[in-house]
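There are 2 protein chains.
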Amino acid sequence: MSSTAVPPPVTRLIDVLSRLPGVGPKTASRLTYFLLRAPDELSIELSEAVGQMKALTRLCSVCYNITVDDPCPVCSDAVRDQKTIAVVEEPLDVLALERTNVYRGVYHVLHGAISYVNGVGPEDLRIRELVSRVEAGGVNEIIIATNPGLEGDATAMHIQRELAKLPVKLTRLARGLPVGGDIEYADSVTLMRALQGRSDM
Amino acid sequence: MSSTAVPPPVTRLIDVLSRLPGVGPKTASRLTYFLLRAPDELSIELSEAVGQMKALTRLCSVCYNITVDDPCPVCSDAVRDQKTIAVVEEPLDVLALERTNVYRGVYHVLHGAISYVNGVGPEDLRIRELVSRVEAGGVNEIIIATNPGLEGDATAMHIQRELAKLPVKLTRLARGLPVGGDIEYADSVTLMRALQGRSDM
Numbered sequence: 112m113s114s115t116a117v118p119p120p121v122t123r124l125i126d127v128l129s130r131l132p133g134v135g136p137k138t139a140s141r142l143t144y145f146l147l148r149a150p151d152e153l154s155i156e157l158s159e160a161v162g163q164m165k166a167l168t169r170l171c172s173v174c175y176n177i178t179v180d181d182p183c184p185v186c187s188d189a190v191r192d193q194k195t196i197a198v199v200e201e202p203l204d205v206l207a208l209e210r211t212n213v214y215r216g217v218y219h220v221l222h223g224a225i226s227y228v229n230g231v232g233p234e235d236l237r238i239r240e241l242v243s244r245v246e247a248g249g250v251n252e253i254i255i256a257t258n259p260g261l262e263g264d265a266t267a268m269h270i271q272r273e274l275a276k277l278p279v280k281l282t283r284l285a286r287g288l289p290v291g292g293d294i295e296y297a298d299s300v301t302l303m304r305a306l307q308g309r310s311d312m
Numbered sequence: 112m113s114s115t116a117v118p119p120p121v122t123r124l125i126d127v128l129s130r131l132p133g134v135g136p137k138t139a140s141r142l143t144y145f146l147l148r149a150p151d152e153l154s155i156e157l158s159e160a161v162g163q164m165k166a167l168t169r170l171c172s173v174c175y176n177i178t179v180d181d182p183c184p185v186c187s188d189a190v191r192d193q194k195t196i197a198v199v200e201e202p203l204d205v206l207a208l209e210r211t212n213v214y215r216g217v218y219h220v221l222h223g224a225i226s227y228v229n230g231v232g233p234e235d236l237r238i239r240e241l242v243s244r245v246e247a248g249g250v251n252e253i254i255i256a257t258n259p260g261l262e263g264d265a266t267a268m269h270i271q272r273e274l275a276k277l278p279v280k281l282t283r284l285a286r287g288l289p290v291g292g293d294i295e296y297a298d299s300v301t302l303m304r305a306l307q308g309r310s311d312m
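As they're listed, the protein sequences go chains U and H. Remember, this note's numbering sits 111 above the position in the first sequence when you count from 1. Remember, this note's numbering sits 111 above the position in the second sequence when you count from 1.
Treat the hints as calculated values from the structure; they're not laboratory data. There could be a bad hint or two in this list.
Identical copies look the same in the list; a pair holds intra-copy or inter-copy alike.
[As the list claims (entries may be wrong)] The calculated lysine to any residue pairs, modelled on SDA-like cross-linking and capped at a C-alpha distance of 20 Å, are:
| hint | residue 1 | residue 2 |
| --- | --- | --- |
| 1 | 137 | 289 |
| 2 | 194 | 281 |
| 3 | 276 | 215 |
| 4 | 137 | 222 |
| 5 | 194 | 215 |
| 6 | 194 | 212 |
| 7 | 280 | 303 |
| 8 | 165 | 155 |
| 9 | 194 | 239 |
| 10 | 137 | 248 |
If you're wondering where the values come from, they're calculated on a predicted model, not measured in any experiment.
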């Protein structure tokens, strides 16, 4: 990218974009040249949106989701069931649960999962804060909604131990066949979980 | 994305990112939440890089590639062969040719290809400017390096007609099997071209 055929402001944007996850040098070039050809407004808006997002947001002091106001609209919503807390790894998981339109409880965002390979221990996550929330009382159920994998499972087990002595119901999202999936192509672990978790018809 | 769980500055960035090519709502969310968790410097740098790129660059008045200085470093490079012009569709194609490290001529960027389906005619491209460049004299060879497809071919044929009366050699990039490719998986048109263009060993 150091060719004289590429001016420095273009190289710079390609370099920055390449640091985003899932964006390699080729995608970064493609996006950059797209922006060059697009109307100026798009670049201006993108520049502003990126610049302002961090400045205008923070973490909710109750659930640690990203928010403008603290506490966040979910935590301060009297209509929602404040006694049920879904524990998720990332803010994006909150979005996914909100999209179901069936969950009416609140959240607790851990900001990661326990991963000894990546050097992430329980103390790096918002687990202490979750325990405090439960200790403060008024919580009926904790729905552990960590990802269905090694790290999510390790995190779930750790939380289970931490909350064992507290008077709260602990549940976990069901494992099984994804809706619209095909048994023929299901991996054996998923199929095993689907069998174990089978329900009466 | 209108859920109360997503603050407006976050929704805004997701929306803007979704307007980039190849970036759907899911990728846009992923990139946005990555930026939220990344150090502030990355957001600041991205914001600046996007904002400045368009302000600092323009099109070279000779070859129409993107540049800071006009004429661009390639067009003003006395060491390069200014008598050989590679005609490409996009600035990214210049990059690709530069990466070969064998091409020492200059460029002419058309900024598109003729596509009647998309309403792009010859007058929308920098073809007139190419003809003027050749008419001005001093050009020995035009290497047509448009994409090997319907639109690139239509563009190449149009340029061929436009330059027919001028004393300039016209060549085109070879078609054939991509290096590292597999004959078994080559499409029949490519294989046909590879056969037609076979060379003595």
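Verification of the supplied hints:
1. 137 - 289: between (33 Å within a copy, 18 Å between copies)
2. 194 - 281: within (12 Å within a copy, 76 Å between copies)
3. 276 - 215: neither (26 Å within a copy, 74 Å between copies)
4. 137 - 222: between (30 Å within a copy, 19 Å between copies)
5. 194 - 215: within (10 Å within a copy, 70 Å between copies)
6. 194 - 212: Cα proximity of residue 194 and residue 212: one copy only (18 Å, versus 65 Å across).
7. 280 - 303: Cα proximity of residue 280 and residue 303: none, with 25 Å in one copy and 68 Å across.
8. 165 - 155: both (17 Å within a copy, 9 Å between copies)
9. 194 - 239: Classified as within; 18 Å inside a copy, 70 Å across copies.
10. 137 - 248: For residue 137 and residue 248, the Cα distance exceeds 20 Å both inside one copy (52 Å) and across copies (36 Å).
The structure fails hints 3, 7 and 10 (numbered hints given earlier, in ascending order).
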